[in-house]
Every structure is written in C-alpha cells, then in structure tokens.
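Engineer: Chain by chain, the residues:
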Amino acid sequence: MREIVPSGTHIDFLGRRHIAIAVSLAVLAAGVLAGAIQGVKFGIDFVGGTEMAVRFDPGVDVDESALRNVVGRCGVDEPSVVRYGDDVERKEFLIKFKGAEAGEVPDCPLTETDRAELAEKAEKQGGDAGNLESAHIISRIQRGIRNDVGEYETLRVDFVGPRVGSELTEAGVQAMTIAVLLILAYIAFRFSSRFAPGAVVALVHDVGITCAVFVIFGLEFDLRVLAALLAILGYSLNDTIIIYDRIRENMEIRTKYDLLDVLNRSVNQTLSRTLLTSVTTLAAVLCLLFLGGEVIRPFALAMAIGIVVGTYSSTFIAAPTLLFLETRFGDSPDAKAAAAKRKKEKDRERAA
Amino acid sequence: MSGLGWRLGAVLATVALFSFLTAANFIDEETRLASPVLPDDGLRLGLDLQGGIHRVVGVKLEEAELQELVFLKDALLEEADEDPQLSVSNAVVENGVLVVSPRDDGAGVKSWADDSRSLSLVSEEAGRLEYTLEDQVRQDVRERGMEQVLEVLRLRIADPIQGIPDSVVTRQGDDRVLVQVPGGQIDRDRLDDLLEVTGFLEFKIVQDLADNEKLLNDRYPTGLPPGTKIVSEQDPEDDRKLTAYLLPEEPDLTGDFLTDARVAFDRQQRPIVSFSFNSEGARRFGELTGANINEQLAIVLDDRVYSAPAIRSRIGARGQIEGRFTTEEARDLAVVLRSGSLPIPVVIEEERTVGPALGQDSITRGYRASILGLIVIIGFVVGYYRLSGGYASLALAANLVMLMGIMSLFEATLTMPGIAGIVLTVGMAVDANVIIFERIREELRSGKAPRAAIATGYNKTFWTIMDANITTFITALVLFEFGTGPIQGFAVTLAVGIVTSVFSALVLTRLMFSVHPGTQPVEQLSI
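Taken in sequence, the protein lines are chains A and B. The numbering of the first sequence is the working numbering, which starts it at 263 and goes up by one. The numbering of the second sequence is the working numbering, which starts it at 343 and goes up by one.
Mixed in with the good hints there might be a few duds.
No more than 20 angstroms apart at the CA atoms, straight line, and that leaves these computed lysine to aspartate or glutamate pairs for EDC-like [claimed, not checked]:
| id | chain 1 | residue 1 | chain 2 | residue 2 |
| --- | --- | --- | --- | --- |
| 1 | B | K402 | A | E429 |
| 2 | B | K802 | A | E511 |
| 3 | B | K802 | A | E514 |
Ranges of calculated distance between the beta carbons of each label pair, as one might list FRET restraints [what the hints assert, rightly or not]:
| id | chain 1 | residue 1 | chain 2 | residue 2 | range |
| --- | --- | --- | --- | --- | --- |
| 4 | B | N801 | A | E265 | 19 to 27 angstroms |
| 5 | B | E865 | A | I273 | 27 to 35 angstroms |
| 6 | A | E351 | B | Q481 | 51 to 59 angstroms |
| 7 | A | F479 | B | Q481 | 43 to 51 angstroms |
| 8 | B | L557 | A | D339 | 34 to 42 angstroms |
| 9 | A | F552 | B | A791 | 42 to 50 angstroms |
| 10 | A | G297 | B | G789 | 48 to 56 angstroms |
| 11 | A | F479 | B | V464 | 52 to 60 angstroms |
| 12 | A | L443 | B | E371 | 42 to 50 angstroms |
For the chain A half of the interface with chain B, some residues (derived, Cβ under 10 angstroms), not all of them [said to hold, decoys possible]:
| id | residue |
| --- | --- |
| 13 | H272 |
| 14 | A315 |
| 15 | G434 |
| 16 | A490 |
| 17 | N500 |
| 18 | T502 |
| 19 | I503 |
| 20 | L544 |
| 21 | A545 |
Simulated from the structure, these hints should not be mistaken for laboratory data. No residue lacks a Cβ here, since even glycine has one placed at the ideal position from N, Cα and C.
My request is simple: use the sequences and hints to build the entire structure.
Structural biologist: Rendered as structure tokens:
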C-alpha cells in the first residue's frame, strides 16, 4: 500500500489556525489595497466594449506600429493592441477598445460624411452613438488593417453593449448570492445549522482569495472567470463537506470528547483524500491551462487558484469556524464548560 | 440468473447504450441519416467550436410607442378638422409624450381621449394636456412590435427555404432578439445589412441632380424648393458618393405593394433585382411612370439612392433595380425587399463571432487537454491504488462515455466551456473513488477482512459522496439558470457529469469489486 500521508499521522492543524487566519486576512487585505490603488480590471463582458482577435497570414510581415495606427486613427476609446496566444510564429493579435465617440476623427477608414451619417442615424435611434458605432467600426477597422498591414483571418469578435454589460454584472452577483444561499440551506438541512456558517465562511473565503489574487496580479475578470468562481464554490464545498462529515461521525462515536482533538483527528483522517483529489483535479485543470488555448485560459487559471485555496480553506478556515461556533454557542461538553466559564466570569465581574 | 448477474447485465447494457450514442457522433451525417439504427441527431457543436456569429439585437420598442402616439395624434387632428366639438389648436409628440393644446377648456379633447381607450392623462395645465399611452396599450404595442420584428428578421435570416441554413432567430426577454448563424456562411458585414437595414423602399421622381451635394446646393442659393431634399447615390464598394439627387420628401410610391423580389441578370450579366407589384401597386406604378415619361425615377432604399433610371415608357406590374452590386448584395437586397421593412429600428447590443479557424483550434486543444488530463489521472490513480485504481480508471472512462452519450441523447450543445466542464468532471470524478478507497484502507488497517472492509467503505461513504455532489449540482443549476450561452454550456456538462460520475463511482466500481474478488476469499486486497 502506497501512502502519501502515512497512517497515524497527527498534525496539529487547528493549533495553527491563528497563523492561517492571519495569512488569509493578509491576502484579502492586499487584494483590497491593490484594488484601491491600481483598480480592478473588468473585461468587456461586464463593462462593455469590443475585442477582436486576428491572425495574420504567414506571409504577412506584421508591422505592429502600423496596426496600432489603424486602430488609433479610428477614434475609439482606450484602444489597445497586444500579441495574443502563446505562439509568436502565429502572428496573432488582440485588439480591444471600449467604444467609439462620434465626430473628431481625422482620417480613420471611416470618412467624415460616414461619421456624420452614423451620428445622425444614432441620434434617430435614441442616442447611443457609441453602441451603434462600435458595431460598425469593427468593419472599418478590419478594412483599414487589410489596406495598411495585410491579409488576415478574424479569429473572433466580441462586442458587448453597455446595457448588456451591466445586466451581465447583475446576473453574476445574483447567481453567486443564490448559489450561496441554497448551499447554506442544504447544509443546514443535512448537518446542523452550526455547520452551515463554517462552510459559507470557507466559500466566501475561497472566492474572496481567488478574486484577491486576480486583483493583485492585475488579471481581468470576465464571464469565464465568473464561471470558474462558481465552479470553485462547488469544489470548495466538496472539500468542506467531506471533512464535516467526518467530524460529525467522530462526534457521534465519542460521547465525551475534546472538540479540538476531534477536529484535528478528522482533518488528519481525511488528509490523504484531500490531497489526492486536489492533485487529480489540479492535474486536469493544469492540462487545460497549458494546452486548452487562449479561450479557456482565464477559466483554467481561476480554477487552479481556487483549487489550491479551496483545499487550504477546508482545513484551516472551515474547521476553525466550526470550533469557534461550537465553543461559543454549541451544546457539546466543552462548549458547555466554556459557557459556564464565561458565566462565572460575568458573575464575578458583577460581584466586583 | 443470480442477483449479481442481473445487475451486471443492466449496468453493461446502460454503458453499452451510451457508448453507442457517443460513437454515433463520429459517423458522418449522411451515413447516420441513411441508417435506420443510428440516431439522426447527436451532440451539437456550439458556435464557439464550429465558428459562427451570435448576436443579440435590441429592439427599440420606445420607437414603436412613439409611432403609436404619432398615429393617435394624427387621428386627433383629423377628427378635430371635422368635428367642431373637438377644438384643438395644436398637438405634437415631444419627449415621448403627446402634448395637446385645446382652444377651449379641453373637455372635448378629454372625452375624445377617454373614447380612444389608449391614452392616459399625465399632466394638465391651462391650455396644455399631456398624454402617454395607457399601460395595457403600451404592452400591446410592444408585444406587437416584437412580433413584427421577429417575423421580418426570420424571413430575412432563418427562413427555412430562402434563409441561411441552420440559423436561428429567437426572442430573448422583452425587447431582444437572438440571432445565431453557424459556420462561415455569411460575413459580419452582410449580416449587418440583413439585420439593421430598415428596408424601406421608395420610388421618387428626380427633380434635379448634380455630381455632388455641394454643387446641387449651390444651384438653390435661397434654399431647396419646399418639400424636397437631397439624397445621394453611393458606391457600395468604398461608400464614395457618386451623385446627389434632389427628390421630393414624400414618396410617390413605397415598397408596401411589392409581392416578390428576386435576383436577375441584365444583358451584360450584371446582377439586378427584379420585383413585382400587386394589382394596386401595379396600377399606381403605371400611373406614375405613364405621367413621367423621360423623367428619371429614383429607387430609394433607406434614404439611399440605388439607381435612377430614365423612364422610357409606362411600366406596370414589374420593375427592376440596377445598381453596382455583386450577386450576393443583390440577393440580400431581394431578401430585404421580400421580407418587407423593419417597422421598428434595431441596434446590435452584443456580438460574439468566432472564426472557423479558432473553432477548429479550440476543438483540437480541448481534445488534447482532455486526453492528457485523463492519462495523467489514470496513471496517478493506478500507481497509487493498484488494481482498485484500475477499476476506478475503468469507471472513469465509462463515466466519460456516458457523459457524452447523455449529451448526445438530449442533443445538447457542446461548447468550449463545456469541454472545460468535462475536464473538470474528469478531475473531480475520481474524488468519490478516492473517498471510498481511503475508507476501505482505514477499515483494513483497523483489522477488518477485505470483503467486509469493502462493504463498510461503500456504506459509510455513501452520504458523504451524495452531499458533496448534490451541493455541486446546486451550483450547476444556478449557473444554468443565470448564465448566458457559454456559462450554460459549462453548467450542462457539469450537471450531467455529476450524475454520471456518481453512478460510475458508486455503482460501477462496486460491481467490479463484486465480480473480483467477489465471493472468493481474498488475503490481500490490491488497494
């Protein structure tokens, strides 16, 4: 029998909970700080805008500055042109811009009269000129690139209007909240209500830390990352529930027990499972990260971070929360002892 | 047959059925349709995998409400002309409200508005009554507007005979239309034209023309003659303006009377669009052309002159539009004319276009990632749990096959995030077996006999595994309910994957243990 965790291993995880909580809080604080200083990057899914990925024909000698020129000339907001994909040989570029403002453009492939016309048309349609122009300007930029740089193939075009963007944000927040509430209800139903907060604290912790890492490294949030965050909710819960299940079982076996010991014992007993599952899931996700290509990369990256954090939190966050709640409000022997102690202290205070 | 035999048979049959459904996807369509055994449909590829255009079009329903208000305003003014009881000095639609200025105390206007059952009074001042649409009427107008837009766009894009194959036009929410065109059948610009062109066709007699707008304007130093405006002809190739025309503002005839429009070719084999009128249209067209022989007739679509041929003789039921277009453009113009004009303007709110090259790329990469992930995991599990790990790996393979089989059965759409869901399922599927095996090991360590250890292992972990998977299933459901396209694709595979992985981990591997070691006494369990 091969063992990654030798049987009989007994590590005092709970004893180190204060360090772990300090580390988690530090990462979260760093995330908030980084967000305050450098801002949070949201992809076009949430704030609206346009992204175009192009792949030039192998024969084309791509002049990056000419490419930037074409895009810049079109009077679009916050244009950016970056290399795309992992293969430099393939000459792939990602062109991004927020929107387009009517008027004030010197010599985009779009002529003055075209612009005036578009602006007029936009006016007639209720004034979202930026919206209308973005959809059209993609074609103008494409024509411009073909003229100035060379033949290429459009890999993808994503355009999200401002209205859709804000709706997606709303739906995302709603989905997260509902998922958390449903999970809370399920755990409260299956375990005891005192178990649920710990699981939810761990969930919020995992999503929070993953977000913090994204913010700290200036990575962009988009729909794919949101999907990953929701998948992390599910995964993190898996871990927590398995440990909780063992805690409950161990609590049932012993009528008189030291809660701290039960928690440590449970975490240790499930340790090899926790590690093994994390390793296999992480292996699969890393395959996606390195082989899955550009489209799936943000998802895989968020998942990978989430798996590591989720594994850590089920041990260092979920169990300590349970310990805290049980000693504070629970009906276990040592909870009662702690309550009695608190009462005695209070009485003494009152007497004094 | 023994109980084990039945169970084995049932499980094998299930796995075989789904393997068959999965395998059927790899056979090309022709063979599938011809064969009576093979299913006609299977797994569908999302637009992100096969390439295509996904667009969400917002319908400006406020515009429809305005149109209704203008219609009511016109009706009011018309009636006021005839009915002395109804005294109105002015009525205009401004900022989305109908403002009526009555000459008297407004009682006549109020009773007219009540009779119309369409208007509700929002504000009243001396000599100024403001109306908006009644809520129910507003609802009806919006609903009718959506239906009209859907019908026109369906005719243009998703018509079963004339439209683009496999394209979809569906309603999304209150005021949006989802348009999906798979594959590289049409490029973005052409779709733009089909979607956004209003398709309002007008016939006008040319009053004057010049090479460009400036020259034409110079001819009328005191301003254009009343009731006329300047409209240009553009080269569709580079949008250069070719000729400026002075045309009457009101059309002499509109495209409402068209019965058909199709592509034809002139003597030089250049594409033209020929159209025919219904009897009423033919009569009017005959009168118009008969009265204006040797004049030029401008054919104007959405305020743009397509051609302005000189009228040589009286023309009746049929006419044609010449222009500088390609066959494709002529075809699209014919489609637009046939479908009628779009009653309400639309605007593109979201677009996700994936080129066929990226789609193919995504399939290859997704496939590679899944295979490598599978190999790594199997290697790891077999290395760690030996024979039992082998069982788990077999169950994992069966799990994948069943996952694809169920998705094929329901004709689900496989997307790139869906592939991610599969890879994630593969990673997490082993989890249940790891939990069981770890438990069996614990039981063995505590001195239980192997067969008893297996039984306890499965029994004690059952609810743990169910709990863990049910909660993940909840997240998958939430993802499906609140997500859009790509996220839903992920949610579908995740949800199906959870069901199949629970089945394969709890039922399949247990069955394997029942077959081997089965009832034989076993000294050392390979775990």
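Engineer: For each hint, tell me whether it holds in the structure or not.
Structural biologist: Okay, the hints, checked on the actual structure:
For a cut-off of 20 angstroms, the pair hint linking K402 of chain B to E429 of chain A stands: about 17 angstroms separates their Cα positions. A threshold of 20 angstroms between alpha carbons decides the hint, and for K802 of chain B with E511 of chain A the separation of about 10 angstroms falls inside it, so the pair holds. At roughly 13 angstroms between alpha-carbon atoms, K802 of chain B and E514 of chain A fall within 20 angstroms of each other, so this suggested pair holds. Range check, N801 of chain B to E265 of chain A: Cβ separation about 23 angstroms, and the 19 to 27 angstroms hint holds.
A hinted range of 27 to 35 angstroms holds for the C-beta pair E865 of chain B and I273 of chain A, which are about 33 angstroms apart. Range check, E351 of chain A to Q481 of chain B: Cβ separation about 58 angstroms, and the 51 to 59 angstroms hint holds. Hint check: F479 of chain A to Q481 of chain B, Cβ distance near 49 angstroms, so the stated range 43 to 51 angstroms holds. Between L557 of chain B and D339 of chain A, the C-beta spacing of about 37 angstroms keeps the proposed range 34 to 42 angstroms intact.
Checked against the hint of 42 to 50 angstroms, the C-beta distance between F552 of chain A and A791 of chain B comes to roughly 45 angstroms, which is consistent with it. Take G297 of chain A and G789 of chain B: their Cβ atoms lie about 55 angstroms apart, and the range 48 to 56 angstroms holds. Against the hinted window of 52 to 60 angstroms, the Cβ-Cβ separation of F479 of chain A and V464 of chain B comes to about 53 angstroms, which satisfies the hint. Between L443 of chain A and E371 of chain B the Cβ separation comes to about 45 angstroms, which falls inside the hinted range of 42 to 50 angstroms.
Taking 10 angstroms as the C-beta contact cut-off toward chain B, the hint placing H272 of chain A at the interface is violated, the least distance being around 14 angstroms. A least Cβ separation of about 7 angstroms between A315 of chain A and chain B falls short of the 10 angstroms threshold, and the interface hint therefore holds. Hint on G434 of chain A holds. Least Cβ distance to chain B is approximately 8 angstroms, under the 10 angstroms limit. Annotation: A490 of chain A was flagged as interfacial toward chain B, and the flag holds, the nearest CB pair being 9 angstroms apart, inside 10 angstroms.
Because the smallest distance between the Cβ of N500 of chain A and any Cβ of chain B comes to about 4 angstroms, under 10 angstroms, the interface hint for this residue holds. Because the beta carbon of T502 of chain A sits about 9 angstroms from the nearest beta carbon in chain B, less than 10 angstroms, this interface hint is met. About 5 angstroms separates the beta-carbon of I503 of chain A from the nearest beta-carbon of chain B, less than 10 angstroms, and the hint is met. Annotation: L544 of chain A was flagged as interfacial toward chain B, and the flag holds, the nearest CB pair being 7 angstroms apart, inside 10 angstroms.
Against a cut-off of 10 angstroms between C-beta atoms, the interface hint on A545 of chain A holds, since the closest Cβ of chain B lies about 5 angstroms away.
Violated hints amount to a single one, hint 13; each of the other numbered hints is respected by the structure.
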